[in-house]
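Chains A and B are the protein sequences, given in the same order. Just so you know, we're using our numbering here: the first sequence kicks off at 1 and counts up by one. Just so you know, we're using our numbering here: the second sequence kicks off at 1 and counts up by one.
Worth flagging that the hints you see were computed from the coordinates, not collected in a lab. Wrong hints could be hidden among the right ones.
Simulated pairs of lysine to aspartate or glutamate, EDC-like, Cα-Cα distance not exceeding 16 Å [as the list claims (entries may be wrong)]:
{"#": "1", "chain 1": "A", "residue 1": "K334", "chain 2": "B", "residue 2": "D151"}
{"#": "2", "chain 1": "A", "residue 1": "K177", "chain 2": "A", "residue 2": "E30"}
{"#": "3", "chain 1": "A", "residue 1": "K334", "chain 2": "B", "residue 2": "E220"}
{"#": "4", "chain 1": "B", "residue 1": "K177", "chain 2": "B", "residue 2": "D28"}
{"#": "5", "chain 1": "B", "residue 1": "K73", "chain 2": "B", "residue 2": "E195"}
{"#": "6", "chain 1": "A", "residue 1": "K76", "chain 2": "A", "residue 2": "E94"}
DEER-style ranges, computed between Cβ atoms [to be verified]:
{"#": "7", "chain 1": "B", "residue 1": "P125", "chain 2": "A", "residue 2": "E124", "range": "53 to 61 Å"}
{"#": "8", "chain 1": "B", "residue 1": "R167", "chain 2": "A", "residue 2": "Y336", "range": "21 to 29 Å"}
{"#": "9", "chain 1": "A", "residue 1": "V136", "chain 2": "B", "residue 2": "E65", "range": "39 to 47 Å"}
From the three backbone atoms N, C-alpha and C, an ideal C-beta is built for every residue, glycine too.
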Amino acid sequence: MASISLAGLTKRFGDLTAVASLDLEIRDKEFVALLGPSGCGKTTTMNMIAGIETPSEGQILFDGRDMRTVPANRRKVGFVFQNYAIFTHLSVRENLAFGLKVRSLPKADVERRVAAMAQLMRLEDRLDWPTAKLSVNELQKVAIGRSAITEPEIFLLDEPLSNLDAAFRAFMRTELKHLQHQFQQTMVYVTHDQIEAMSLADRIAVMDLGVLQQYGSPIEVYNEPRNVFVANFMGSPSMNLVPCRLAGGDGAYALDFGEGGSASVADEDLKRRCKAARDATLVFGARPEDLDIAPPGHDGPAIEATVTFVEPIGPRTIVHLAAGERRMKVAKGKQYGIELGARVKAVLPPGKCHLFDAETGVALGIA
Amino acid sequence: MARLELRNASKYYGKTVAVRNIDLVVEDNEFFCIFGPPSSGKTTILRLLLGLVAPDEGEISIGGEAVGEQGPKERNLAMVFQNLALFPHMTAGQNLAFPLVERKLEKAAITARVAEVAETLHITPLLDKMPAHLSGGERQRVAIGRALVRDPAAFLMDEPIAALDARLREEMRVELKRLQRELHHTIVYVTHDQEEAMSIADRIAVMEAGEIRQIGTPAEIYNLPNSRYVAELIGAPPMNFVDGTLADGGRFEGRDVPLSVALEGADGAGPAALAVRPEDIGIDSAGSGNGAGVDAEIFEVEPLGAFTIVDVSVGERILKVQAPGQPRFTLGEQVRLALDPDRCHLFHGETGDLIRSAR
Numbered sequence: 001m002a003s004i005s006l007a008g009l010t011k012r013f014g015d016l017t018a019v020a021s022l023d024l025e026i027r028d029k030e031f032v033a034l035l036g037p038s039g040c041g042k043t044t045t046m047n048m049i050a051g052i053e054t055p056s057e058g059q060i061l062f063d064g065r066d067m068r069t070v071p072a073n074r075r076k077v078g079f080v081f082q083n084y085a086i087f088t089h090l091s092v093r094e095n096l097a098f099g100l101k102v103r104s105l106p107k108a109d110v111e112r113r114v115a116a117m118a119q120l121m122r123l124e125d126r127l128d129w130p131t132a133k134l135s136v137n138e139l140q141k142v143a144i145g146r147s148a149i150t151e152p153e154i155f156l157l158d159e160p161l162s163n164l165d166a167a168f169r170a171f172m173r174t175e176l177k178h179l180q181h182q183f184q185q186t187m188v189y190v191t192h193d194q195i196e197a198m199s200l201a202d203r204i205a206v207m208d209l210g211v212l213q214q215y216g217s218p219i220e221v222y223n224e225p226r227n228v229f230v231a232n233f234m235g236s237p238s239m240n241l242v243p244c245r246l247a248g249g250d251g252a253y254a255l256d257f258g259e260g261g262s263a264s265v266a267d268e269d270l271k272r273r274c275k276a277a278r279d280a281t282l283v284f285g286a287r288p289e290d291l292d293i294a295p296p297g298h299d300g301p302a303i304e305a306t307v308t309f310v311e312p313i314g315p316r317t318i319v320h321l322a323a324g325e326r327r328m329k330v331a332k333g334k335q336y337g338i339e340l341g342a343r344v345k346a347v348l349p350p351g352k353c354h355l356f357d358a359e360t361g362v363a364l365g366i367a
Numbered sequence: 001m002a003r004l005e006l007r008n009a010s011k012y013y014g015k016t017v018a019v020r021n022i023d024l025v026v027e028d029n030e031f032f033c034i035f036g037p038p039s040s041g042k043t044t045i046l047r048l049l050l051g052l053v054a055p056d057e058g059e060i061s062i063g064g065e066a067v068g069e070q071g072p073k074e075r076n077l078a079m080v081f082q083n084l085a086l087f088p089h090m091t092a093g094q095n096l097a098f099p100l101v102e103r104k105l106e107k108a109a110i111t112a113r114v115a116e117v118a119e120t121l122h123i124t125p126l127l128d129k130m131p132a133h134l135s136g137g138e139r140q141r142v143a144i145g146r147a148l149v150r151d152p153a154a155f156l157m158d159e160p161i162a163a164l165d166a167r168l169r170e171e172m173r174v175e176l177k178r179l180q181r182e183l184h185h186t187i188v189y190v191t192h193d194q195e196e197a198m199s200i201a202d203r204i205a206v207m208e209a210g211e212i213r214q215i216g217t218p219a220e221i222y223n224l225p226n227s228r229y230v231a232e233l234i235g236a237p238p239m240n241f242v243d244g245t246l247a248d249g250g251r252f253e254g255r256d257v258p259l260s261v262a263l264e265g266a267d268g269a270g271p272a273a274l275a276v277r278p279e280d281i282g283i284d285s286a287g288s289g290n291g292a293g294v295d296a297e298i299f300e301v302e303p304l305g306a307f308t309i310v311d312v313s314v315g316e317r318i319l320k321v322q323a324p325g326q327p328r329f330t331l332g333e334q335v336r337l338a339l340d341p342d343r344c345h346l347f348h349g350e351t352g353d354l355i356r357s358a359r
């Protein structure tokens, strides 16, 4: 059992607030990703959980127990860093066995667990290799295996895949997820890569400038971003975010996209919520895969635009559109053909149009 | 801008083959990507073109003329490296002007040219800033601008945006493509990122161990890979391969996977590997009786928002399926995979050569 509870957790370095009053509940056996750009406070948060950094304020509880006076080496926490910390003078087998030997486990147990871990990490045929001969990918597997083998109750991983090549990263993502299902550990995973977070985590804590922006399941965070930052950070290509104004009144509201024309809004409730911001600009958001492309004659809510660029990327074709200064991307299927310079309409998807307050960035609703 | 050509070019370092028998024509105004894993010879091709090394065999021509013994200066090609080397003590504008100052151009001409290039790259507001005060993307634009001011015969770019973060890389590749279109440049672009190559290139050369394995448009390379090697390198998540045997009459039987598919146009019995892209496999509910289907179990689910990557275990193998949207599955759920034989490639089990393409 190992749940983690962070309450009002704050870390200041001189004038800089790295983490500001963070509240976060991580359930036992949960896989939580701390996601954000560099400088968002994710690594500092993890270091405080590990006991490497001391909080300026706030509490860290493991299963309700205050960790303030518990030093890092007594927290039963496994740690894997981006720069794999392994003993370069030892073989793969010795590296894997190290954490168990320090605990004076019987030799037979050590051998059995090393063999099992080697099999899990597909390192069987590398066991007697000196680590100096391993590839970067294999080194990181050893580093993860070395930490996982001690079966810590809490496993902290700081960008463990970011030095690996793309194909191997995708492979390791699945391995890690599977590893967690097997070991049933509580995992906290720091990353700046939203795909990794989406793919691995039960819940994602999106952070920016030391502040928690949203905490929820990958699909929640993706489908219902709470503000412009989260909307923009999740997804690749990212959500289209274009300025617009709410125009009209008395039951006939429309979103005015300037050179992109205007589109009527059907959602009564949304209109009510937008009313406060009626004279201010809004930010309209739609995911590239939710927008569709129609010929200029199309009826219904749409933004008029010109095709500026077409990227065929394997299973998808990303079509870039411009409506004056407003830029958008639409994700279409394989081998979608359209001419550069073509005049089109970007069709607004009912139920998947996000509106944000332009000033605060806060989500007003989905229409 | 000029057409570039390598004819049967080879370069050895002692016994090590850097590149061998390279036949390559980069057309005038073409955006040509050289793609491959590390040490597959990508950069050597740039060095040969640039004149930094001479080929041991073969010929190189630029704009239709053999360049033979010409040194880098005479060839007038511009190079952009990954580690952009801006002079830290000069402003962005001075950095841009540097190649022209070095060539002793008149001051007025330099100012005009720098202004013109800055305009094209949308960096006019940055001209008075020092490199230390620029973001990574801005610095890369200045570095590209510095190559641009010279009006070279062609641009050679070696992983020019690899050091930038993912979001910025996506923006920069669109920007580079726009520049190339607007200015009608010939660009030879080295990358190890298949998505970047697919997105940006008019044509791609896929390298393996110093040799070119396939040249084609992004769509050709993606849809009709000519070998298992190319099929494995292009696409993320990668193509699924099922090893097995091809019987006379074109029926493929999987070895570790209980899969049997009739493939029209597949000749030659023997060991073979069936290959199918993750987006070309459908997931149906268990028990549905599709022809080329196979029973499977949901092993892992990666919801990525726009699509969902599902790992399914079939026999002793894990296959990756990319399903559109946000379908819901539970781990351990029994399903049936739908395989369209027309979407399957078949490669030789030993050589990896193509036996039959998808239709």
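Going down the list of hints, with the structure as the test:
| no. | hint | verdict |
| --- | --- | --- |
| 1 | A:K334 <-> B:D151 | violated, 37 Å |
| 2 | A:K177 <-> A:E30 | holds, 11 Å |
| 3 | A:K334 <-> B:E220 | holds, 12 Å |
| 4 | B:K177 <-> B:D28 | holds, 15 Å |
| 5 | B:K73 <-> B:E195 | violated, 33 Å |
| 6 | A:K76 <-> A:E94 | violated, 21 Å |
| 7 | B:P125 <-> A:E124: 53 to 61 Å | holds, 58 Å |
| 8 | B:R167 <-> A:Y336: 21 to 29 Å | holds, 23 Å |
| 9 | A:V136 <-> B:E65: 39 to 47 Å | holds, 43 Å |
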